[in-house]
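Construct the entire structure; sequences and hints are all you get.
Numbering of the sequence shown is given in this note's numbering, commencing with residue 1232 and proceeding in unit increments.
Worth double-checking, as some hints may not be accurate.
No more than 30 Å apart at the CA atoms, straight line, and that leaves these computed lysine-lysine pairs for BS3-like [claimed, not checked]:
{"hint": "1", "residue 1": "Lys1248", "residue 2": "Lys1237"}
{"hint": "2", "residue 1": "Lys1243", "residue 2": "Lys1354"}
{"hint": "3", "residue 1": "Lys1243", "residue 2": "Lys1340"}
{"hint": "4", "residue 1": "Lys1237", "residue 2": "Lys1340"}
{"hint": "5", "residue 1": "Lys1248", "residue 2": "Lys1354"}
{"hint": "6", "residue 1": "Lys1340", "residue 2": "Lys1354"}
{"hint": "7", "residue 1": "Lys1248", "residue 2": "Lys1340"}
Hints listed in this document are in silico derivations from the structure and should not be mistaken for laboratory results.
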Amino acid sequence: MAISRKLQAYLKEHDVKYRLVQHARTGSSMESAEQAHIPGGALAKGVLARAGEAYLMLVLPSDYHVDLEVLSSQTGASLAMATEEELSAQFSDCERGAIPPLGFIYGIKTLWDPSTSLGADQKVYFEAGDHQQLVQVTGEQFHELMAPAERREFSHHL
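As structure tokens, this is what we get:
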């Protein structure tokens, strides 16, 4: 599988210059960072949470953990992590577990934790839609890509 069709179309439509970084097949975002020889704090991961019948895409570095309790109190919603089946249904053009952190291109409300290291580095990476490629953009481009996302502080470093 290559870059997600929706992601590729969105990046092209918004004239985002990016580079695809190849790496050995991995099963997690931390493994992807290790295989691509990049710091975990520079790899943005998307985590899908469920709030009743709706979904939220949570964006944070791969070396951070979502605090659902904090986010639930901020949003007033009861949150749970989405199942693998729900992930597959929402991101049909991606391999299971290799979702890009731009939930809004899939019609999913996206929350980004700007208190993290994402965008502080000159380069930010994120899943392309498979387990063997990452998209590389500049920190400035990442901030621009996250413009539609709501800002909330909901994570902590591992």
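Just pull the numbers of the violated hints for me, sorted ascending.
-> Checked against the structure, no hint fails, so every one of them is satisfied.
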